[in-house]
Amino acid sequence: MKVYLDNSATTAVDKEVLDAMLPYFCEIYGNPSSLHAFGRNAQKAVDEARAKIASILGAKASEIYFTSGATESNNWALKGAIRASKNAKKHMITSAIEHPAIMDTCHELEKEGVEVTYIKVNHEGIVNPEDIRAAIREDTVLISIMTANNEMGAIQPIAEIGKIARDEGILFHTDAVQAIESQPINVDNMNIDMLSLSAHKFHGPKGIGILYIRSGVRLDKLIHGGHQERRQRAGTTNTPLIVGMAKALEICARDRDRNNRHMSELRDYFIDRVLNEVPYSYLNGGREKRLPNNVNMSFGFIEGESILMTLDLKGIAVSSGSACSSGSLEPSHVILALGVREELAHSSIRFSLGRDTTKEEIDYTIETLKETVDRLRGMSPLFNVEKGTGSYV
Amino acid sequence: MKVYLDNSATTAVDKEVLDAMLPYFCEIYGNPSSLHAFGRNAQKAVDEARAKIASILGAKASEIYFTSGATESNNWALKGAIRASKNAKKHMITSAIEHPAIMDTCHELEKEGVEVTYIKVNHEGIVNPEDIRAAIREDTVLISIMTANNEMGAIQPIAEIGKIARDEGILFHTDAVQAIESQPINVDNMNIDMLSLSAHKFHGPKGIGILYIRSGVRLDKLIHGGHQERRQRAGTTNTPLIVGMAKALEICARDRDRNNRHMSELRDYFIDRVLNEVPYSYLNGGREKRLPNNVNMSFGFIEGESILMTLDLKGIAVSSGSACSSGSLEPSHVILALGVREELAHSSIRFSLGRDTTKEEIDYTIETLKETVDRLRGMSPLFNVEKGTGSYV
Amino acid sequence: MYNDKVLDIFANPKNVGEIKDADGVGTVGNASCGDIMQVYLKIDREKGIITDAKFKTFGCAAAIASSSVATEMVKGKTIEEALKIRNADVVETLEGLPPQKIHCSVLAEEAIAEAIKDYQKKVSGK
Amino acid sequence: MYNDKVLDIFANPKNVGEIKDADGVGTVGNASCGDIMQVYLKIDREKGIITDAKFKTFGCAAAIASSSVATEMVKGKTIEEALKIRNADVVETLEGLPPQKIHCSVLAEEAIAEAIKDYQKKVSGK
Ligand SMILES: Cc1ncc(COP(=O)(O)O)c(C=O)c1O
Ligand SMILES: Cc1ncc(COP(=O)(O)O)c(C=O)c1O
Numbered sequence: 000m001k002v003y004l005d006n007s008a009t010t011a012v013d014k015e016v017l018d019a020m021l022p023y024f025c026e027i028y029g030n031p032s033s034l035h036a037f038g039r040n041a042q043k044a045v046d047e048a049r050a051k052i053a054s055i056l057g058a059k060a061s062e063i064y065f066t067s068g069a070t071e072s073n074n075w076a077l078k079g080a081i082r083a084s085k086n087a088k089k090h091m092i093t094s095a096i097e098h099p100a101i102m103d104t105c106h107e108l109e110k111e112g113v114e115v116t117y118i119k120v121n122h123e124g125i126v127n128p129e130d131i132r133a134a135i136r137e138d139t140v141l142i143s144i145m146t147a148n149n150e151m152g153a154i155q156p157i158a159e160i161g162k163i164a165r166d167e168g169i170l171f172h173t174d175a176v177q178a179i180e181s182q183p184i185n186v187d188n189m190n191i192d193m194l195s196l197s198a199h200k201f202h203g204p205k206g207i208g209i210l211y212i213r214s215g216v217r218l219d220k221l222i223h224g225g226h227q228e229r230r231q232r233a234g235t236t237n238t239p240l241i242v243g244m245a246k247a248l249e250i251c252a253r254d255r256d257r258n259n260r261h262m263s264e265l266r267d268y269f270i271d272r273v274l275n276e277v278p279y280s281y282l283n284g285g286r287e288k289r290l291p292n293n294v295n296m297s298f299g300f301i302e303g304e305s306i307l308m309t310l311d312l313k314g315i316a317v318s319s320g321s322a323c324s325s326g327s328l329e330p331s332h333v334i335l336a337l338g339v340r341e342e343l344a345h346s347s348i349r350f351s352l353g354r355d356t357t358k359e360e361i362d363y364t365i366e367t368l369k370e371t372v373d374r375l376r377g378m379s380p381l382f383n384v385e386k387g388t389g390s391y392v
Numbered sequence: 000m001k002v003y004l005d006n007s008a009t010t011a012v013d014k015e016v017l018d019a020m021l022p023y024f025c026e027i028y029g030n031p032s033s034l035h036a037f038g039r040n041a042q043k044a045v046d047e048a049r050a051k052i053a054s055i056l057g058a059k060a061s062e063i064y065f066t067s068g069a070t071e072s073n074n075w076a077l078k079g080a081i082r083a084s085k086n087a088k089k090h091m092i093t094s095a096i097e098h099p100a101i102m103d104t105c106h107e108l109e110k111e112g113v114e115v116t117y118i119k120v121n122h123e124g125i126v127n128p129e130d131i132r133a134a135i136r137e138d139t140v141l142i143s144i145m146t147a148n149n150e151m152g153a154i155q156p157i158a159e160i161g162k163i164a165r166d167e168g169i170l171f172h173t174d175a176v177q178a179i180e181s182q183p184i185n186v187d188n189m190n191i192d193m194l195s196l197s198a199h200k201f202h203g204p205k206g207i208g209i210l211y212i213r214s215g216v217r218l219d220k221l222i223h224g225g226h227q228e229r230r231q232r233a234g235t236t237n238t239p240l241i242v243g244m245a246k247a248l249e250i251c252a253r254d255r256d257r258n259n260r261h262m263s264e265l266r267d268y269f270i271d272r273v274l275n276e277v278p279y280s281y282l283n284g285g286r287e288k289r290l291p292n293n294v295n296m297s298f299g300f301i302e303g304e305s306i307l308m309t310l311d312l313k314g315i316a317v318s319s320g321s322a323c324s325s326g327s328l329e330p331s332h333v334i335l336a337l338g339v340r341e342e343l344a345h346s347s348i349r350f351s352l353g354r355d356t357t358k359e360e361i362d363y364t365i366e367t368l369k370e371t372v373d374r375l376r377g378m379s380p381l382f383n384v385e386k387g388t389g390s391y392v
Numbered sequence: 000m001y002n003d004k005v006l007d008i009f010a011n012p013k014n015v016g017e018i019k020d021a022d023g024v025g026t027v028g029n030a031s032c033g034d035i036m037q038v039y040l041k042i043d044r045e046k047g048i049i050t051d052a053k054f055k056t057f058g059c060a061a062a063i064a065s066s067s068v069a070t071e072m073v074k075g076k077t078i079e080e081a082l083k084i085r086n087a088d089v090v091e092t093l094e095g096l097p098p099q100k101i102h103c104s105v106l107a108e109e110a111i112a113e114a115i116k117d118y119q120k121k122v123s124g125k
Numbered sequence: 000m001y002n003d004k005v006l007d008i009f010a011n012p013k014n015v016g017e018i019k020d021a022d023g024v025g026t027v028g029n030a031s032c033g034d035i036m037q038v039y040l041k042i043d044r045e046k047g048i049i050t051d052a053k054f055k056t057f058g059c060a061a062a063i064a065s066s067s068v069a070t071e072m073v074k075g076k077t078i079e080e081a082l083k084i085r086n087a088d089v090v091e092t093l094e095g096l097p098p099q100k101i102h103c104s105v106l107a108e109e110a111i112a113e114a115i116k117d118y119q120k121k122v123s124g125k
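Residue numbers (numbering that gives the first Met the number 0), protein chains in the order written: chain A, 0 to 392; chain B, 0 to 392; chain C, 0 to 125; chain D, 0 to 125.
These are computed hints drawn from the structure, not numbers from a lab. Hints are not guaranteed to be accurate.
As the list claims (entries may be wrong) - PhoX-like cross-link-like pairs, simulated, lysine-lysine; straight-line CA separation at most 25 Å:
no., chain 1, residue 1, chain 2, residue 2
1, B, K89, A, K110
2, B, K89, A, K220
3, B, K313, C, K4
4, A, K85, B, K220
5, A, K220, B, K110
6, A, K220, B, K220
7, C, K19, A, K43
8, B, K43, D, K4
9, D, K13, A, K369
10, A, K88, B, K358
11, B, K220, B, K89
12, D, K4, D, K83
13, A, K1, D, K4
14, A, K14, B, K14
15, C, K121, C, K53
16, A, K43, B, K386
17, A, K220, B, K313
18, C, K13, B, K369
19, B, K85, A, K110
20, B, K220, A, K110
21, C, K53, B, K386
22, D, K19, A, K386
23, B, K110, A, K85
24, A, K313, D, K13
25, B, K88, A, K220
26, C, K4, B, K386
27, A, K1, B, K369
28, B, K1, C, K4
29, A, K43, B, K1
30, A, K386, D, K53
Note that this is a predicted model, so its numbers are computed, not measured.
Using the sequences and the hints given, assemble the complete structure.
Following this line, the structure appears as structure tokens:
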């Protein structure tokens, strides 16, 4: 059996999405910037896609900018806003649990002299909006808080944070990459000034994303060149992928409620059974305000990557917050931010469900997980198999 | 009849390329960074693509970095090299005929205090390597000269320039976007340190490109985030497009000689007939050292965009160097750099042939062009139809 | 970029040509900027009514379409009425122009005004 | 990331377990870094030959595969020979490890050395 439980890493392109893209590779291939009919036909498709995406987000078409993905969107939003600011000193606020595309960009900005406040989260992984309010300074240019976390699925109080930012006249960006599939977003109601998306996280193609930029917000450009995207993002307009992204977003908005019900049911069943049936298993993050597709658990006395690789031997794809998976020395900064001790952070596994995940797949995964945990505890110097107990020395 | 003569703007994706990509959208969709089999299978495809591309360019696989296209590659090469330099003062050399992705990036760098020398070209559009040697200063960090021009197809003496740069210990970047289809490139023989490509210019997909970076060359990152691309370019690895690009490059290298013969024959036939049969028609750029697919001509007393739009009415897709096509006030900086007067720069049309262009299409284009020129001269206040002569007042 | 209306008028412009014995001729723009618009008017001096209008234009599709629309608009109008035509009226008839092409409609407004000025100079004896 | 050999050894590691009456036990690494490797050696005191080796490891696939390879390598070797085993030898047997996983092979080298040290301490009467 093949079970893909790594939908937060990337998703399969939807067949409908692929079909929508296909004509734009070999037939309607013109450059949308060209004036002739080949170009105009492509431009028309791009315009329609932009309008569709805008309407789903409650934005104007002219506020949607296409990028190569959320990493670029996040880079552009943060660097663009900070560098466009005329403040002598510059400060920004983000959370301690952001994706590397935000974190690493913040570290780069710090090198450039920007001060960054990283707001802590509670043990459920949630940012307290009051902590953000308290962190605001005279020279705060930007607040960037993700809509939902990619590792343990905590959904953040974005509307409240947006309100605070608006009241204080500070730009508010949110990385909505993981949230968009399950959480309806309206940029006006939520006072969002900038928002990043990547199509491949919601069954669209890889290599295309958006940055929503509220009209009136000025960002320095990240990528200079031709006049595409209202002169704000240069590079030949990517008709097929843009069409694909719009179709994927349309499907995701259309089926959101049904998919959410389906996934959250499976998620709860999964968590309940594992907590019951696997000793020394722990849920990372809270059960409320959790993405319907996210299960993140730690399994005491064994290491995450070896759990991942053992599940892989049985055809099950998951990811892990262990340092060993990422090639870094520290385990996931997100799991640590929950207050989980390092040993258990090294033991964390993310099971990210998809809209097509079945109960059968989940049952198979639970049974395989139990075997896996037993196998690895049998190898672990920290676990006493006879007694069925373990301890970190 | 539909005739696509705008292959320098973008090309149709090759059917073979599309077929190569297809499995990676809905089947082998895993994230190449993931450790499980879904990820490993994708990673394998990426590794193979990288190796294939590297071998075609005479590079090592570890020197090939995937980007969202040549615009990003050019931005990264220039900003990355300049910002990584520890020089107190920084100078770079480029040409007066570069693509906006270089030009606009240079203007941005100028704002940051970098001095840029724009080397002029002769009336055939060629940079003299000695002019580059003469422009080198103590603080010169980088030379960036395109391999061939996108508007009038002039092929630059890249190997000589590479030699000069190497002798002087200065980094050498070349934008090879337009050249790669017809010109074999070997980064070692040509002393190239960095090279930009965009797949959609050689029948690959839009939204993917490469930056070749010679090992040992250190660039600042443009896009921060995850650890992809040897930690130099963050963002989820784009398996299908990478596979497509490698296939497209393979086909282009494989069929290069045959396609070059075919296109240059049609090109010469086209130029000869038009010069003979259309009064007041002028070739922009020289006939030697010209890309086999490029025809760029000016037609006196009529404006380029209206030529383009009239040809479009007859199903023929071309582009124009007129200000009117680009929405800017000045006509093409490239055509002006040839010493062409402004009036004629406004009248320039680029016909960029493809490997599938037929003689029949060219004949139809020539006949239609003649009608078009007549029609527009009939409307022009600068042309006397009875006498068949014109003058710029 | 262009809407269908603009493309259609560009494909089939009205009033192309010169009026040999025009009562007023206006020329605006210049070749090095990529636009020259020349408008010819035939005017009934008694009634002050424009009876015919033609144009010759060196320029882009928007310039040619604007010329066609503007010359069409002024026909049958009094001089006063013609002088009230604004570029926005031309744009409206074209059902919109891209922002960077608005200047073409301005040229058309100006060419009409220049042609009328030329006529008025002639009439006022000069 | 991992080659097939590593995956294969990880899937079927040899010498997993403890030796109750081991002559030398070496433990290296720590849980908060994500790796603990424990090696048990049975040594023929007369001949100075390692007759059996087992391991228990908390760690990633590379750590487990390295443990398997290293314990397999030392069996039948004299102490002197075993001490000459370098992490590079482990990597070679694994047909390569990703750069960030090389430290796992180093841990294996160290665990063997620690176990031998433990044995030598015991033998030298401590
Ligand atoms: C929360 C979050 N932000 C940003 C990204 C970056 O997206 P991409 O790799 O498509 O640029 C990801 C996924 O990797 C993510 O989960
Ligand atoms: C010479 C040259 N460089 C760079 C580019 C930019 O390529 P892209 O738009 O694919 O980023 C182009 C094409 O637009 C080009 O012709």
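Against the structure, the hints come out as follows:
1. Only pairs whose Cα atoms come within 25 Å are accepted, and B/K89 paired with A/K110 is accepted, the gap being roughly 20 Å.
2. For the proposed pair B/K89 and A/K220, the alpha carbon gap of about 21 Å is at most 25 Å, so the pair holds.
3. In summary, the hint linking B/K313 to C/K4 is supported, as the alpha carbons are separated by about 17 Å, within the 25 Å threshold.
4. Distance restraint check for A/K85 and B/K220: the Cα-Cα separation of roughly 24 Å lies within the 25 Å cut-off, and the hinted pair is therefore satisfied.
5. This hinted pair checks out: A/K220 and B/K110 have alpha carbons roughly 13 Å apart, not beyond 25 Å.
6. Note on A/K220 and B/K220: the hinted pairing holds, with a Cα-Cα distance of about 15 Å set against a maximum of 25 Å.
7. Restraint check for C/K19 and A/K43: not satisfied, since their Cα atoms lie roughly 43 Å apart, outside the 25 Å limit.
8. The straight-line distance between the Cα atoms of B/K43 and D/K4 is roughly 16 Å, inside the 25 Å bound, and the hint therefore holds.
9. This hinted pair checks out: D/K13 and A/K369 have alpha carbons roughly 22 Å apart, not beyond 25 Å.
10. Restraint check: the Cα-Cα separation between A/K88 and B/K358 comes to about 64 Å, which exceeds 25 Å; the hinted pair is violated.
11. The suggested pairing of B/K220 with B/K89 holds, with an alpha-carbon distance near 18 Å, which does not exceed 25 Å.
12. In summary, the hint linking D/K4 to D/K83 is supported, as the alpha carbons are separated by about 23 Å, within the 25 Å threshold.
13. A C-alpha spacing of about 22 Å is found between A/K1 and D/K4, which places the hinted pair at or below 25 Å, so the restraint holds.
14. At most 25 Å may separate the alpha-carbon atoms for a hinted pair to count; A/K14 and B/K14 meet this at roughly 19 Å.
15. Among the hinted pairs, C/K121 with C/K53 is consistent with the structure: their alpha-carbon atoms are about 19 Å apart, no more than 25 Å.
16. Annotation: proposed proximity of A/K43 to B/K386 is violated, straight-line Cα distance about 43 Å (limit 25 Å).
17. Note on A/K220 and B/K313: the hinted pairing is violated, with a Cα-Cα distance of about 39 Å set against a maximum of 25 Å.
18. For the hint pairing C/K13 with B/K369, the CA-to-CA distance comes to about 22 Å; that is within 25 Å, so the pair holds.
19. A threshold of 25 Å between alpha carbons decides the hint, and for B/K85 with A/K110 the separation of about 15 Å falls inside it, so the pair holds.
20. The suggested pairing of B/K220 with A/K110 holds, with an alpha-carbon distance near 13 Å, which does not exceed 25 Å.
21. Straight-line distance between C-alpha atoms of C/K53 and B/K386 comes to about 20 Å, which keeps the hinted pair within the 25 Å bound.
22. Pair hint D/K19 plus A/K386 holds up; C-alpha atoms about 16 Å apart against a cutoff of 25 Å.
23. This hinted pair checks out: B/K110 and A/K85 have alpha carbons roughly 15 Å apart, not beyond 25 Å.
24. For the suggested pair A/K313 and D/K13, the alpha carbons sit about 20 Å apart, so the restraint of at most 25 Å is met.
25. The straight-line distance between the Cα atoms of B/K88 and A/K220 is roughly 24 Å, inside the 25 Å bound, and the hint therefore holds.
26. With a C-alpha separation of about 34 Å, the suggested pairing of C/K4 with B/K386 is violated against the 25 Å cut-off.
27. Straight-line distance between C-alpha atoms of A/K1 and B/K369 comes to about 63 Å, which puts the hinted pair past the 25 Å bound.
28. With a C-alpha separation of about 22 Å, the suggested pair B/K1 and C/K4 falls inside the 25 Å cut-off, and the hint holds.
29. Straight-line distance between C-alpha atoms of A/K43 and B/K1 comes to about 19 Å, which keeps the hinted pair within the 25 Å bound.
30. Restraint check for A/K386 and D/K53: the C-alpha separation of about 20 Å stays at or below 25 Å, so the hint holds.
Checked against the numbered hints above, the structure violates hints 7, 10, 16, 17, 26 and 27; every other hint is satisfied.
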